[in-house]
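Protein chains in written order, with the working numbering: chain S, 31 to 715; chain H, 31 to 715.
Be a bit skeptical, because a hint or two may be false.
[Said to hold, decoys possible] Simulated pairs of lysine-lysine, DSSO-like, Cα-Cα distance not exceeding 30 Å: (1) S:LYS308 with S:LYS417; (2) H:LYS174 with S:LYS68; (3) S:LYS52 with H:LYS277; (4) H:LYS308 with S:LYS308; (5) S:LYS58 with H:LYS39; (6) H:LYS394 with S:LYS676; (7) S:LYS52 with H:LYS308; (8) S:LYS68 with H:LYS293; (9) H:LYS518 with S:LYS199; (10) S:LYS620 with S:LYS574; (11) S:LYS109 with S:LYS261; (12) S:LYS301 with H:LYS199; (13) H:LYS394 with H:LYS277; (14) H:LYS174 with S:LYS308; (15) S:LYS199 with S:LYS52.
No wet-lab data here; the hints were simulated from the structure.
2 protein chains.
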Amino acid sequence: MHSDKDITKEPDEGGKGSIAHKLAEGQKEISVAEFFEKNKQVLGFDSRTKTLIMGVKEAVDNSLDACEEADILPELYVKVERINEDDYNIIIEDNGPGIVHRMIPNVFGRLLYGSRFHALRQSRGQQGIGISATIMFGNKETGKPAHVMSKIEGTDAVAWRMNIMIDTKTNRPVVTNDEPFTWEGKDHGTRVEYCTKGRYISGKQSIFEYLKNTAIVNPHAKITFDDPEGKRYVFERATETLPIRSKEIKPHPQGLEVGDLMKMVNSTQQKTLKAFLKNDLSRITDRIAEELLQVSGVKDKKVVTVTREDCVALVKAIGVVKIMAPQTDCLSPIGDTLIKKGLMHVLEGMRPDYYAQPVTRPPKAVNGNPFIVEAGIVYGGELPADKEVSILRIANRVPLLYQPGACVITEAIKGMDWRRYGLEQRGGSGVPFGPAIILVHVASTKIPFTSEGKEAIANVGDIQSEINLALRLCARNLKSHLNKKEKKHKTHAKFEIVQQILPEMAEKSAKMLNRPIPDLSRTISKIMNVVWVEPKSSYDSKAKVKKVMYNIYNYTRSERSFRLHAQLPKEAVNESLLTSYFMDMNDEGKANWEVLNVPPFTSVSVSFDLIGDMADTFSESDIYLSGINSTFVMGAGPLPGDWGIKGMDVTESDMDSDLEEEEEEESDTEEDDDDSGKGGAEDDE
Amino acid sequence: MHSDKDITKEPDEGGKGSIAHKLAEGQKEISVAEFFEKNKQVLGFDSRTKTLIMGVKEAVDNSLDACEEADILPELYVKVERINEDDYNIIIEDNGPGIVHRMIPNVFGRLLYGSRFHALRQSRGQQGIGISATIMFGNKETGKPAHVMSKIEGTDAVAWRMNIMIDTKTNRPVVTNDEPFTWEGKDHGTRVEYCTKGRYISGKQSIFEYLKNTAIVNPHAKITFDDPEGKRYVFERATETLPIRSKEIKPHPQGLEVGDLMKMVNSTQQKTLKAFLKNDLSRITDRIAEELLQVSGVKDKKVVTVTREDCVALVKAIGVVKIMAPQTDCLSPIGDTLIKKGLMHVLEGMRPDYYAQPVTRPPKAVNGNPFIVEAGIVYGGELPADKEVSILRIANRVPLLYQPGACVITEAIKGMDWRRYGLEQRGGSGVPFGPAIILVHVASTKIPFTSEGKEAIANVGDIQSEINLALRLCARNLKSHLNKKEKKHKTHAKFEIVQQILPEMAEKSAKMLNRPIPDLSRTISKIMNVVWVEPKSSYDSKAKVKKVMYNIYNYTRSERSFRLHAQLPKEAVNESLLTSYFMDMNDEGKANWEVLNVPPFTSVSVSFDLIGDMADTFSESDIYLSGINSTFVMGAGPLPGDWGIKGMDVTESDMDSDLEEEEEEESDTEEDDDDSGKGGAEDDE
């Protein structure tokens, strides 16, 4: 395919002196460093304030990636020091694996250089631009080199330090003062220090906020921050467990374009087309490879003989043949418990009413890149009711601070009709109002950011649909909670009448008539006709112990048997769970209790303790009951369909059918499932 | 400064087998082509629909730039052809200067290659990415090369054609079928043809809309468009005059960072520091160079001995010493008349009430790059009153279709309190509602786009302030028009009573009393006490002739002398202007008439014709009157302060002072001038 002669080096042809020749003189290569130097806004460095934040962000993202790649619990130190007016000195140090000496200059002094760009797996940095650009802008604004120190693991390894400037004309590092040294008390890690012009702010969209949010969605990291006023903030670990390391995968055939396939075929190590399909793409078994060849009408052949037309036919066949969805071990979602924990951190003082059970969607792929969406909502309590809801946007565990208006997460939220779920929203679109925080995390091997500054996720239809699905599930939980609350409120009123006034009336009547007080329990049961679940809890934040108890009253006329179900934070469970009613708990922390033969008008109680960091992520109101028609249960929901473990069958028993008008729950929020896949999509792709 | 050894090629040091070494293996350079191939959303190619539009846009922008650089009136041909399903064939052909043979492969087949990146002057393309990326994505999606034809001026020049693919691993063109040919009927020009996957849409955010808007703000260009259904649209030229060609300038010292200055000093051809300052920067005279040296405390010295500390001191001095604003011949604003004309084009059928006089702000600089903001507003008529106003965003004469939410133009509009100017706006912020279209053009040697897709302008405080200032001036014109309209409406009612009913009453009374009908003219004059200007016009769109007439009634008790003033589209003026009242007209089309000694209760009329393309850009209601206190004038505004030519002095005469409550105009819209410079700025820089 390649031409033999390089015409770009030929002498000029005719028409000398023409404008075209004059214009040709100006044509030249633009160094990628110069390009970004002149377009700093695309990297998010568009003001003094953002320059400070973005620099810290790029360095921290790199440090976290490096630690996780080396299975090290991250311990980061960040210092922002004001030298004078708008001159700042920034230090970011990690306990990562360190960088080998010869690689240091390229990692920090060359744009578009890195290890994560070609790898198909989730990571924070992907571009190989961020930290080098940070150093380049520091150079530009102060004329000073950055100072990098790094030490790799191993007893025979010394630490190295050097000064790095970037030659923007060539996009190459210029190194001075390169020397080995003894790094006291440091086993391994990297430290980068640079000067820059900046403006330090606190509050929203600040370094502090970025670090706080980073700690929330990376609860395995410890981050220490010294601010310009000398204050130190320490964000401690919430867990000692590293997230499951994301694995590198091969490209998934879905979304491959003809040109991609041609290029892969041209550069494969495989000999035959079939071997190429099986070995260079993911999810292609021998059977599927056969099917692809058959459907495409392309015969298995030597890869060197594969033509463009063959590739066109194969791409068509990929769209027809059923291929398994991409594997997800390349992704590292945050998970329900940590999302909840994260939201709790954000709230600090404000105690919300309700944490909707966070939702993690099954993986999808866009352009061959798998992605997962997670979402969570908290509601009520002291959150401001008359403002727009807060939105926490997170991409590959990195909180996004800027450009909400350009982000698919905001788009997805704006496009939903939140009035159906109990939030205020003018005209049924736009950011809703109400006492709520909405968190959305998108994890992918390749987040389609709108710019190199990684501030917003582009409006990709498939991603928006998944966000909408996740949010709808969360919102339905919220709505169900609000319904339950209202129902409880109503029934409480009835209870007061029935339980207090009725006996009093009976007593008075009996006295007046001078007859014995009648036993009203059957009457009360007949009127109430419910099984009442009353959760109680207390939390000792010092000892990190949460005591949970459920009192379950049988206000029906018959003996009752049922099962209780709750999703517990596994890490927080201890032997206190092993009461006489306890049945079992699975790997996900789904726990089940069985209570048999509770006589009418009596109660039983189920209790347990949760201990440790995750203890407070459990919300006692998230309790489910099976074995009784859910319309007769107060204070617990019906067992969700996806619970995995079968609940107790409902005994279609002697429950009265004289139900009252309030016995309707959730049914009005289910109908929106049908359109869930469409609502969000804005465009094709 | 450069180190002698290249440590990146050294053998590994100790600690072999460590994780750091394993990670080092993955570290490598990322080709810029691969980078953008995997991040197509930053170039705006994030859906099949946008892929089609962006490709056409990049090619058209390039063609217009090339024509203007060569002083050629652009004539463009665009064809979008559907091959099947989502396969499209795109052709863009221009009559530009052509590209010399050896440059063709690099221009179309290499990213970050171009002539406009290093030049400080206004142009549409700056990055050297767009058209090559378009071809790269076409390659990727279809596996087919692009086909380029080009012919340069000159009798001895042949035309060349070739097929181009891009090798993304190396970011270099791969050329096949390179051959000379005879291009029938073509003197010079370039044609690019490529295949791509796409989805063609019409309506908003379509190729048609992009081309239409492009024609509007580039009225010197003729664009022919064949759409996939075989329909042909021709956007004819509105003017035969090329915009004044923007000139290349040297960097302005303002906004230079220490590192920039160091780099410039290191690479200058000048021998001494002072010579460098005078010759390599713009707006530095001998005197200012002296002053800079004195203020900075740096002695004039050989450039090779200039240190970082010298540069730090010089940058500080640049902030202190008064240096002239950047010259603006590097910019090419659209201008008042063409903005108006452009707005008229957009409106097509809908006839608005009012075109607010467009505003072109004086130039400012940000980071050493001069920029100019222009704005215009149309209002009323058949524009929808119950919707958000339409916003036309334009950057360097390129209409922006996407990402309004991320754009500083939208930010600026949202941040203004439009309720003060007669538009509806909930809570005084956000996009206002009402029958209006707002056009904003930002022209700069370097537009800070939020991404390489050039879809939105980043939120730079200085630019936002200028947009706000321009919009306020426009909005004040609008408000003044709305006030005038209301005042006219009120006075009309009074007029009816006074002019019709009063004489009738007098007649009847006289009849009844059998006495002669009294002359009421003095009485009416006393009651009315105004000079009434009544504009009339007709427009013959075929002949392109607009006839304008002003009837001016003196409804006061004295003889009146006054001057009329109007800003005419110069191109449309002919000898019909030379009536007896006509005084003069300046280069900008500001025309003045003088009318002397009009007796009370009589009228005079001033009329003229406007002819040609620009005739309809004149709005007859934009008329000013001097020589009488403006509160006594109906139907014409007071002479604006910046008119340049002095109006007639107001004769503080015998006008009655029994004015009524409606005699207030404009005063309530003036107060907002004070905060105009601040309102918009969001951040430092």
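Results of checking the hints against the structure:
1. Restraint check for LYS308 (chain S) and LYS417 (chain S): not satisfied, since their Cα atoms lie roughly 54 Å apart, outside the 30 Å limit.
2. Note on LYS174 (chain H) and LYS68 (chain S): the hinted pairing is violated, with a Cα-Cα distance of about 33 Å set against a maximum of 30 Å.
3. Simply put, LYS52 (chain S) and LYS277 (chain H) have alpha-carbon atoms about 15 Å apart, close enough for the 30 Å limit, and the pair holds.
4. A hinted pair counts as satisfied when its Cα atoms are at most 30 Å apart, and LYS308 (chain H) with LYS308 (chain S) does not qualify at roughly 66 Å.
5. Restraint check: the Cα-Cα separation between LYS58 (chain S) and LYS39 (chain H) comes to about 28 Å, which is no more than 30 Å; the hinted pair holds.
6. A hinted pair counts as satisfied when its Cα atoms are at most 30 Å apart, and LYS394 (chain H) with LYS676 (chain S) does not qualify at roughly 71 Å.
7. For the hint pairing LYS52 (chain S) with LYS308 (chain H), the CA-to-CA distance comes to about 27 Å; that is within 30 Å, so the pair holds.
8. The straight-line distance between the Cα atoms of LYS68 (chain S) and LYS293 (chain H) is roughly 14 Å, inside the 30 Å bound, and the hint therefore holds.
9. Note on LYS518 (chain H) and LYS199 (chain S): the hinted pairing is violated, with a Cα-Cα distance of about 65 Å set against a maximum of 30 Å.
10. The straight-line distance between the Cα atoms of LYS620 (chain S) and LYS574 (chain S) is roughly 21 Å, inside the 30 Å bound, and the hint therefore holds.
11. Pair hint LYS109 (chain S) plus LYS261 (chain S) holds up; C-alpha atoms about 10 Å apart against a cutoff of 30 Å.
12. As the CA atoms of LYS301 (chain S) and LYS199 (chain H) are separated by approximately 22 Å, the hinted pair is consistent with the 30 Å bound.
13. Between LYS394 (chain H) and LYS277 (chain H) the CA atoms are separated by roughly 17 Å; this keeps the pair inside 30 Å, and the hint holds.
14. For the suggested pair LYS174 (chain H) and LYS308 (chain S), the alpha carbons sit about 26 Å apart, so the restraint of at most 30 Å is met.
15. Only pairs whose Cα atoms come within 30 Å are accepted, and LYS199 (chain S) paired with LYS52 (chain S) is accepted, the gap being roughly 23 Å.
In this structure, the earlier hints numbered 1, 2, 4, 6, 9 are contradicted, and the remaining ones agree with it.
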